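Enquirer: Using the sequences plus the hints, can you model the full thing?
Protein sequence lines, in the order shown, are assigned to chains U and S. Residue numbers for the first sequence, in UniProt numbering: 1 to 298. Residue numbers for the second sequence, in UniProt numbering: 1 to 243.
Derived from the structure by calculation, the hints contain no laboratory data. Please read all numbers here as calculations on a predicted model, not as lab measurements. Please note that a few of the clues may not be correct.
Stated by the list, open to error - Once the Cα atoms are required to be at most 27 Å apart in a straight line, the calculated BS3-like pairs of lysine-lysine come out as:
{"id": "1", "chain 1": "U", "residue 1": "Lys276", "chain 2": "S", "residue 2": "Lys51"}
{"id": "2", "chain 1": "S", "residue 1": "Lys107", "chain 2": "S", "residue 2": "Lys196"}
{"id": "3", "chain 1": "U", "residue 1": "Lys12", "chain 2": "U", "residue 2": "Lys95"}
{"id": "4", "chain 1": "U", "residue 1": "Lys254", "chain 2": "S", "residue 2": "Lys51"}
{"id": "5", "chain 1": "S", "residue 1": "Lys231", "chain 2": "S", "residue 2": "Lys138"}
{"id": "6", "chain 1": "S", "residue 1": "Lys138", "chain 2": "S", "residue 2": "Lys107"}
{"id": "7", "chain 1": "S", "residue 1": "Lys185", "chain 2": "S", "residue 2": "Lys138"}
{"id": "8", "chain 1": "U", "residue 1": "Lys241", "chain 2": "U", "residue 2": "Lys83"}
{"id": "9", "chain 1": "S", "residue 1": "Lys219", "chain 2": "S", "residue 2": "Lys185"}
{"id": "10", "chain 1": "U", "residue 1": "Lys17", "chain 2": "S", "residue 2": "Lys51"}
{"id": "11", "chain 1": "U", "residue 1": "Lys12", "chain 2": "U", "residue 2": "Lys241"}
{"id": "12", "chain 1": "S", "residue 1": "Lys107", "chain 2": "U", "residue 2": "Lys254"}
{"id": "13", "chain 1": "U", "residue 1": "Lys241", "chain 2": "U", "residue 2": "Lys95"}
{"id": "14", "chain 1": "S", "residue 1": "Lys219", "chain 2": "U", "residue 2": "Lys254"}
{"id": "15", "chain 1": "U", "residue 1": "Lys72", "chain 2": "U", "residue 2": "Lys58"}
{"id": "16", "chain 1": "U", "residue 1": "Lys241", "chain 2": "U", "residue 2": "Lys217"}
{"id": "17", "chain 1": "U", "residue 1": "Lys10", "chain 2": "S", "residue 2": "Lys51"}
{"id": "18", "chain 1": "U", "residue 1": "Lys254", "chain 2": "U", "residue 2": "Lys276"}
{"id": "19", "chain 1": "U", "residue 1": "Lys254", "chain 2": "S", "residue 2": "Lys138"}
{"id": "20", "chain 1": "S", "residue 1": "Lys231", "chain 2": "S", "residue 2": "Lys107"}
{"id": "21", "chain 1": "S", "residue 1": "Lys138", "chain 2": "S", "residue 2": "Lys224"}
{"id": "22", "chain 1": "S", "residue 1": "Lys231", "chain 2": "S", "residue 2": "Lys196"}
{"id": "23", "chain 1": "U", "residue 1": "Lys276", "chain 2": "S", "residue 2": "Lys231"}
{"id": "24", "chain 1": "U", "residue 1": "Lys276", "chain 2": "U", "residue 2": "Lys17"}
The lines below spell out each chain.
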Amino acid sequence: MCGIVGLFLKDKALEPKLGAMLSEMLVSLSDRGPDSAGIAIYGAATGNEAKITVQSPKPDRDFRGLDAELAKAIGAPVSVAVKSTHAVIRTTPDKVDAARETLQTLRPDIRVMGAGEAVEIYKEVGLPEAVVERFGVRAMTGTHGIGHTRMATESAVTTMGAHPFSTGADQCLVHNGSLSNHNNVRRELIRDGMTFETENDTEVAAAYLSNRMAHGKNLGEALEGTLSDLDGFFTFVVGTKNGFGVVRDPIACKPAVMAETDQYVAFGSEYRALTKLPGIDNARVWEPEPATVYFWEH
Amino acid sequence: MPATPMPKAQREQGHARVFDLGQQSLRELNQALHNLAPGSNETAWEVLNPKGSHSVAVGVDQPVSIDVRGSVGYYCAGMNDGATITVHGSAGPGVGENMMSGSIVIKGDASQYAGATGRGGLLVIEGNASSRCGISMKGIDIVVRGNIGHMSAFMAQSGNLVVLGDAGDALGDSIYEARLFVRGKVESLGADCIAKEMRPEHIELLQGLLDRAGISDVKPSEFKRYGSARKLYNFNIDNADAY
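Expert: Given below as structure tokens:
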């Protein structure tokens, strides 16, 4: 199964409530996947700050003193905001690659959840309620976000196997379904310079999109490519710095429902996820068509 | 879609037994419906605040009337045997799955595999139906005012599927003896499904189905009929070497 949600705000007045709205949507789908849950939330990019969300199995040990040590190593200001097992490292955009490389030796157990100017990613093993509570997601503000609750089929139940998967700056993806040609696509992407953290099929889909966008495609074109290049069952919801996209495979047996009002565009695996959104009774509610790309950008 | 308000007359009469799924559990509702004995006087039921709940009013086997005010999730009204169930909203996947008899009306849209494996009764969808509508239908009648998605009536065995709008890809793939009537365009026909002549008995049959669905603004002559070429499921002695 798995449950996925997405919310793209058009009305700035709702931005302070993004975390709370997205949390309610995800928690309502808990029985679609009890293994692990995750959320990616996009705040406004300032242009002079980059964020790296990291996770550690021993946060007390790994995050203590990290700001000063990392700042010294990369020669730029660094701040570290700890949230449970995760931390958001802030530095200047030109130092992101240096910081990620330094982290590998400075704190070898740390794993990068995602990086970019706008995105923060939080994911852990456990139910959605426990995960949103642990990271304080309800208090988060932002412009758009996506979330996932997982019932694992293709790889291990671990933090790294939870969604969203992020394989490029400010890009992330959640998936309901399973891919059957992920090993072959992974091999081709590795030959083209992509790197992978897991054996998970969804990470391959995320890396596929990042790779296509790195080759100059826009989000819509990259999503279009999944229809011919990925084999299997999928409903994908994707986030980028400015946008939010949805695509379903041609068979479209993985459920999906969308709602749009003047204030937002929302996605849920089921209608249940949408019932608490403001104005839902008068929203345009529809099921996205198979093999059809939908995307919205700010 | 907005929930249809309760008609004023009915509210004033106060005959309906009301279940509020915002306050009461789904299991209480379904158990109360299953407890109905033949001849019960509790013939009118109303379900409030379904909010996408799964399995609303499944397995009802008495001729009662159930109005659901709002949208439902998976498997609403499955296995219905004799009840008249109206959803004043949209329905998730598998609405009316394996219906035996009675009728189900969806005022909004229906998701995947509406009416799957249905053996009898009438399912009316006033909006659009999604993919696999009427998959493996075995005697149910389905009338859709809007469009239907791909792979509808896959392996449909008997019964009638009536679509006032368009049909998606692979309509009637591997169909047996169900009859398909489509007023709009068909994206493509599935294996062994072909267009067939509309004879007087089909016009008569279709008029009856439209009447039962309360549809009076279209004529049977506006539809095309599709059905099985009977080449796939009949054993052909010339193919014996293949086995």
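Enquirer: Does the structure keep Lys276 (chain U) and Lys51 (chain S) at a Cα separation of 27 Å or less?
Expert: holds (9 Å)
Enquirer: Do the alpha carbons of Lys276 (chain U) and Lys17 (chain U) lie within 27 Å of each other, as the hint requires?
Expert: holds (13 Å)
Enquirer: Does the structure keep Lys231 (chain S) and Lys107 (chain S) at a Cα separation of 27 Å or less?
Expert: violated (38 Å)
Enquirer: Holds or violated: Lys241 (chain U) and Lys83 (chain U), Cα atoms, limit 27 Å.
Expert: holds (22 Å)
Enquirer: Against the 27 Å threshold, does the CA-CA distance of Lys12 (chain U) and Lys241 (chain U) hold or violate the hint?
Expert: The given pair, whose Cα atoms are some 16 Å apart, holds under the 27 Å limit.
Enquirer: Please verify whether Lys231 (chain S) and Lys196 (chain S) have alpha carbons no more than 27 Å apart.
Expert: The given pair, whose Cα atoms are some 15 Å apart, holds under the 27 Å limit.
Enquirer: Taken at face value, is the distance from the CA of Lys196 (chain S) to the CA of Lys107 (chain S) at most 27 Å?
Expert: Distance ~30 Å between Lys107 (chain S) and Lys196 (chain S) Cα, so the pair is violated.
Enquirer: Next pair to validate is Lys10 (chain U) with Lys51 (chain S); report whether the Cα-Cα distance is within 27 Å.
Expert: holds (24 Å)
Enquirer: Can you confirm whether the C-alpha distance between Lys231 (chain S) and Lys138 (chain S) stays at or below 27 Å?
Expert: Roughly 20 Å separates the two Cα atoms, so the pair holds.
Enquirer: Are the Cα atoms of Lys72 (chain U) and Lys58 (chain U) separated by 27 Å or less?
Expert: holds (22 Å)
Enquirer: Is Lys17 (chain U) close enough to Lys51 (chain S), meaning Cα to Cα at most 27 Å?
Expert: Distance of about 21 Å is within 27 Å: holds.
Enquirer: Would you check the hint for Lys107 (chain S) and Lys254 (chain U), treating anything up to 27 Å between C-alpha atoms as holding?
Expert: holds (24 Å)
When each numbered hint is compared with the structure, violations occur for hints 2, 3, 14, 20 and 23.
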